[in-house]
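Asks: Keeping their order, the protein sequence lines are chains A and B. Using the numbering used here, the first residue of the first sequence is number 1, and each one after it goes up by one. Using the numbering used here, the first residue of the second sequence is number 294, and each one after it goes up by one.
No lab work stands behind these hints: they were computed from the structure. What you are looking at is a predicted structure, and each value in this text was computed from that prediction instead of being measured. Just so you know, even glycine gets a beta-carbon here, dropped at the ideal spot from N, CA and C.
Estimated spans, in silico, between C-beta atoms of each pair:
no. : chain 1 : residue 1 : chain 2 : residue 2 : range
1   : A       : Gly60     : B       : Tyr565    : 39 to 47 Å
2   : B       : Ala376    : A       : Gly80     : 51 to 59 Å
3   : A       : Thr263    : B       : Leu460    : 42 to 50 Å
4   : B       : Tyr596    : A       : Leu57     : 51 to 59 Å
With a straight-line Cα cutoff of 20 Å, these simulated DMTMM-like cross-link-like pairs (lysine to aspartate or glutamate) come out:
no. : chain 1 : residue 1 : chain 2 : residue 2
5   : B       : Lys471    : B       : Asp483
6   : B       : Lys398    : B       : Asp483
7   : B       : Lys571    : A       : Asp119
8   : B       : Lys471    : B       : Glu597
9   : A       : Lys165    : A       : Asp176
10  : A       : Lys265    : B       : Glu416
11  : A       : Lys91     : A       : Asp176
12  : B       : Lys571    : B       : Asp533
13  : B       : Lys317    : B       : Glu449
14  : A       : Lys280    : B       : Glu496
15  : A       : Lys265    : B       : Asp423
16  : B       : Lys317    : B       : Glu564
17  : B       : Lys550    : B       : Glu597
18  : A       : Lys163    : A       : Asp176
19  : A       : Lys91     : B       : Asp483
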Amino acid sequence: MEIAQIAQQIIGGVSVGAIYALLALGFSLTFRASNIVHFAQGDFFMLGGYAGISFYLIFGFPFWLAIILSTICVALVGIGFQKIAYKPLWKSHHSFVLMSTAATSIVLQNTASLIWGPDAWRFPKLFSDEIINIFGVLIPIETIWVGVSAIIIMVIFNTFLQKTKLGKGFRAAAQDRAMAQGMGVNLNVADAFVFGASAGLGAIGGVIIAPILFVTPYMGLIFTLKGFTAAVLGGLGSIRGAILGGFLLGILENLSTAFISSTYKDAIVFITLLLILLLKPSGLLLKPQLEKV
Amino acid sequence: MRFPNLVRFLSAIIIFAILPTIFKGHYWQHILNMILIFTILAISVNLVFGYMGALTFGHISIFAIGAYTSALMSTNFGFPFMAAFLCAGLSGVFTGLVIGYPTLKLAGSYFAMATIGFHKIMEVVFLNWDSVTGGASGVTGIPYPVIFGMNLKSEENFYYLIASVCLIIYLLYSNLIKSHQGRTVIAMRDNAIAASSLGVNIEQTRIFVFTISAVFAALAGSLYAHLVRYVAPEAFPLSDSVLLLIMVVLGGPGFLKGPIYGATIIVLANEYLQSLEKYNMLVFGIGIMILLVFLPSGIAGLYERIKVYVLNNKFNQKYVAELGIEEVK
Numbered sequence: 001m002e003i004a005q006i007a008q009q010i011i012g013g014v015s016v017g018a019i020y021a022l023l024a025l026g027f028s029l030t031f032r033a034s035n036i037v038h039f040a041q042g043d044f045f046m047l048g049g050y051a052g053i054s055f056y057l058i059f060g061f062p063f064w065l066a067i068i069l070s071t072i073c074v075a076l077v078g079i080g081f082q083k084i085a086y087k088p089l090w091k092s093h094h095s096f097v098l099m100s101t102a103a104t105s106i107v108l109q110n111t112a113s114l115i116w117g118p119d120a121w122r123f124p125k126l127f128s129d130e131i132i133n134i135f136g137v138l139i140p141i142e143t144i145w146v147g148v149s150a151i152i153i154m155v156i157f158n159t160f161l162q163k164t165k166l167g168k169g170f171r172a173a174a175q176d177r178a179m180a181q182g183m184g185v186n187l188n189v190a191d192a193f194v195f196g197a198s199a200g201l202g203a204i205g206g207v208i209i210a211p212i213l214f215v216t217p218y219m220g221l222i223f224t225l226k227g228f229t230a231a232v233l234g235g236l237g238s239i240r241g242a243i244l245g246g247f248l249l250g251i252l253e254n255l256s257t258a259f260i261s262s263t264y265k266d267a268i269v270f271i272t273l274l275l276i277l278l279l280k281p282s283g284l285l286l287k288p289q290l291e292k293v
Numbered sequence: 294m295r296f297p298n299l300v301r302f303l304s305a306i307i308i309f310a311i312l313p314t315i316f317k318g319h320y321w322q323h324i325l326n327m328i329l330i331f332t333i334l335a336i337s338v339n340l341v342f343g344y345m346g347a348l349t350f351g352h353i354s355i356f357a358i359g360a361y362t363s364a365l366m367s368t369n370f371g372f373p374f375m376a377a378f379l380c381a382g383l384s385g386v387f388t389g390l391v392i393g394y395p396t397l398k399l400a401g402s403y404f405a406m407a408t409i410g411f412h413k414i415m416e417v418v419f420l421n422w423d424s425v426t427g428g429a430s431g432v433t434g435i436p437y438p439v440i441f442g443m444n445l446k447s448e449e450n451f452y453y454l455i456a457s458v459c460l461i462i463y464l465l466y467s468n469l470i471k472s473h474q475g476r477t478v479i480a481m482r483d484n485a486i487a488a489s490s491l492g493v494n495i496e497q498t499r500i501f502v503f504t505i506s507a508v509f510a511a512l513a514g515s516l517y518a519h520l521v522r523y524v525a526p527e528a529f530p531l532s533d534s535v536l537l538l539i540m541v542v543l544g545g546p547g548f549l550k551g552p553i554y555g556a557t558i559i560v561l562a563n564e565y566l567q568s569l570e571k572y573n574m575l576v577f578g579i580g581i582m583i584l585l586v587f588l589p590s591g592i593a594g595l596y597e598r599i600k601v602y603v604l605n606n607k608f609n610q611k612y613v614a615e616l617g618i619e620e621v622k
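For reference, chain B alone in the conformation it holds in the complex (with noise of 0.2 Å):
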């Protein structure tokens, strides 16, 4: 385990500790929360697309069954907020091994479409089975999460349990993405024959990191359940894991910081191209293809190319090459 460098890590803190106070009403409260919750999502489909190269557009489905293990749990069997916080992983484990075991030896297109296929399935399960889910009209009545004796009403309380929640995933994250299975697989994305040749497990350390990514997803889906205290199929559509995939692609794929600056701008375009309606989603269409074609390594990459084009001007190359630059292929 690396810890932060103490500095950052304190001020990742007190920016999180401002922000409610510059974000007041629960309007905004509410939308700090969401791009919270989605961060968690990126990050976790980051891991996925970005880091392992594989098109994923089953996360949705994760954080959807994140969400129903969590309500359930704690409306049928009254389970405490922080017991269904751990079912809700634990699901999350289960369903990255189950999807992960058969797709993830496969080669990317099918991995892709096996994962559409996993969505659709899901969305069959949740609609009909009845006696589980509550069919169409969902689980209703999530009660207020309670913890440590505080009891989290209002949205503005819920802030801080999904920014510290936030920041140890982004911890973790950053964690295993500096550990020796993070930059095993960035070796596996850039050049899979030359990995496994060097003793990489390929299949292994897929899954390993599907499954993490896929526990992250449910977590959030934890959150999300708990912060709208009502679960429903049509609030989980296809539609939202291809917000994920641009969020991660507008934010750099392969870029740590990439899914903060994603979601973070997704979420407030989508509030605000709601007027939009009908252009709504053709508006992302296309920016996708732009995005891919002249911007692939997304906001982070730019930043980088930018820090690289500054400091290449003021400093010598030496400087530079310590930094560690890691650049999409």
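The shape of chain A in the complex, shown without the other chains (with noise of 0.2 Å):
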């Protein structure tokens, strides 16, 4: 294998990871703000897909209107399960919210494939089907395309979280609940953005990533693991961890199925994944700590 070959899965790898990243944000938030891992998060991302094509196609508006459109109403739909579903839990065992985030990841499938049908679905080609040749190395546009919109999105975020006041509460309110609320943080705000952001976060992957990938009603558990093990490769509760850890699961995945095979590739990904469990659960940015019990 030469060198623009690896360059070019390189590169590649850098484009589905910056989706993978996208998941793997929502993860973190989510985890941080409440202690559980969201299992409809791939399920926000395929709904993003639909209702982008829903917005674009059917509606007629345009592609950046149909991607605002999209992203917030399944942030409402985000907002809306947390509201009905989780928030009765809260006092109840863990793995009982848990349980109800599968649920949810089981109504929106199916849901979905009631109002789309359960065949795939496909954007039309937005972007050109051009290929950048650099020294050799081959790069179709719309791989670019989807990976800079997906890093120039994490970058308004993360400066959101950062810089802004309200960013900031709701960071406080990730961390010590009744000190945030002491200081003057509207808890309901902070627990509707948390999971309304972290729908929203998938629905915008799913939306940018549809002009090439076919949208089926039954793609998100695929994406609910992909972005976890991108979550928990960096680290899960770390936004920084979320962001590398997905552009490296990208990068690694694109590498072996060039050198191994495709028929391996998810395998390769969980397999990952239970390593990591087993090595350093607490991922490559975050030290070791104890359990939250």
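Taking the hints as your guide, dock the two standalone chains into a single complex.
Replies: This is the structure:
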């Protein structure tokens, strides 16, 4: 294998990895705030893809408006499930909340399959099929688009969390609820923000990648798993870790497809997950810490 | 080893003996057998989800591993049923240790996701390891089990085998829960830090209970393989793992008899909801949410609550305390 080919795989990996990073970011947000893993993360991703297709194809909105509208819609769905299904369970054993998020995933999958049918939908081509050639490294334009837009969204989101007063308040609420409330953070708004933002981030990923991928009602699960693997790789609960983990996982997946076989592509991702859990469960960026009970 | 209450034990045997005479015909026999197999599976999930407080999606894969092991042993090597059954149990021990060791020391969320990953890995293995598992077409021609010279060809004869295995597993399971280990597991679920400060080795106990539950699931798999006599990857979808969890939640997680109620109702409901086709899983999904919010301790919990309520009115408080009612936190 030549160096140019390896470089090509790595660049392809970075662009897929940007999507995984968006999903991982959603996982980290909800995990920091409520110590649970949101199983429906990949299904919000799927829902985003479908919403984007509906707004763009059926209602005829321009693409940028379709992205914004579908993000808002899916975020509202996420907030709705938080209010109906998770909030009443807050005081019970955490496995019940986990179970409830898994139920959300089932409900979303089957609702999507009722609304849009069980067959795959495809977004029309938005970007040209052109392939750029840089020193023998072939890069399709659409993968660059996907990667760049995902990175821009992550930068905006990170800036919001780190720099603005509202974002700081939400981060404080994730760290110590009682103290944050004492300082004037509205916990209801903070919870809604966390679940809405994580659903919305998933949805953005779904809309952005829809022109490359087929959208099917049951595609969510595999993306849930990959997003989670990416989040754990970087350190579940860490924002920077989620982004790093996403890119690493994308590159790893692409290289393993090129070197081993595409049949075992998914299995390799999950073996990576089991290995991280065995060797360094706190991830690459976080220090090992005791289990919270 | 505690011995069961003789009256209850005998009445359970009598109920098992009477059931096939009430539900006659091939169809009902098959449903009875499936209820019993799913009861064993629900018991194994209840150990992990109800008593240990860890969400698992991997039990259907362990079930599949047991089924494949048993099927391959009896078709390729000509093992008699008993030997294949024991091999399936051993495969359960092995799988339980392999999954349990890396994942059980972690918090619940990681464990749940790792079990989904495990299910996906096993799906790929079953589909692509053609030379052993037969790929997508699976393993066919699994012989009827022969026990003590009896050939269990009909569903009815098979029923007695499954019923006795189910009864033995239920006894083992209730013994485990009432034993030192079982009390330890419940204490860990309710407060892990307090339990560990009292000298409980959390990781070891979790692995122990998980491995036992894996053995139960694998044994159920062996029974399933010989009942259906055909094992293929699509017989073990992830949605069945969700179904198992619904059984446990409906029956009452952390209650001894919960899995029996849950498995019976869900297997029957699944038969009748087949006509809904598309809405089937949607109904189950919304059903879990409603159950979790309004009836988190399931049917068994409701029954206990009614019992306490009735007894409270009839007798004094002391009598209620003696019952030792288990409440899910």
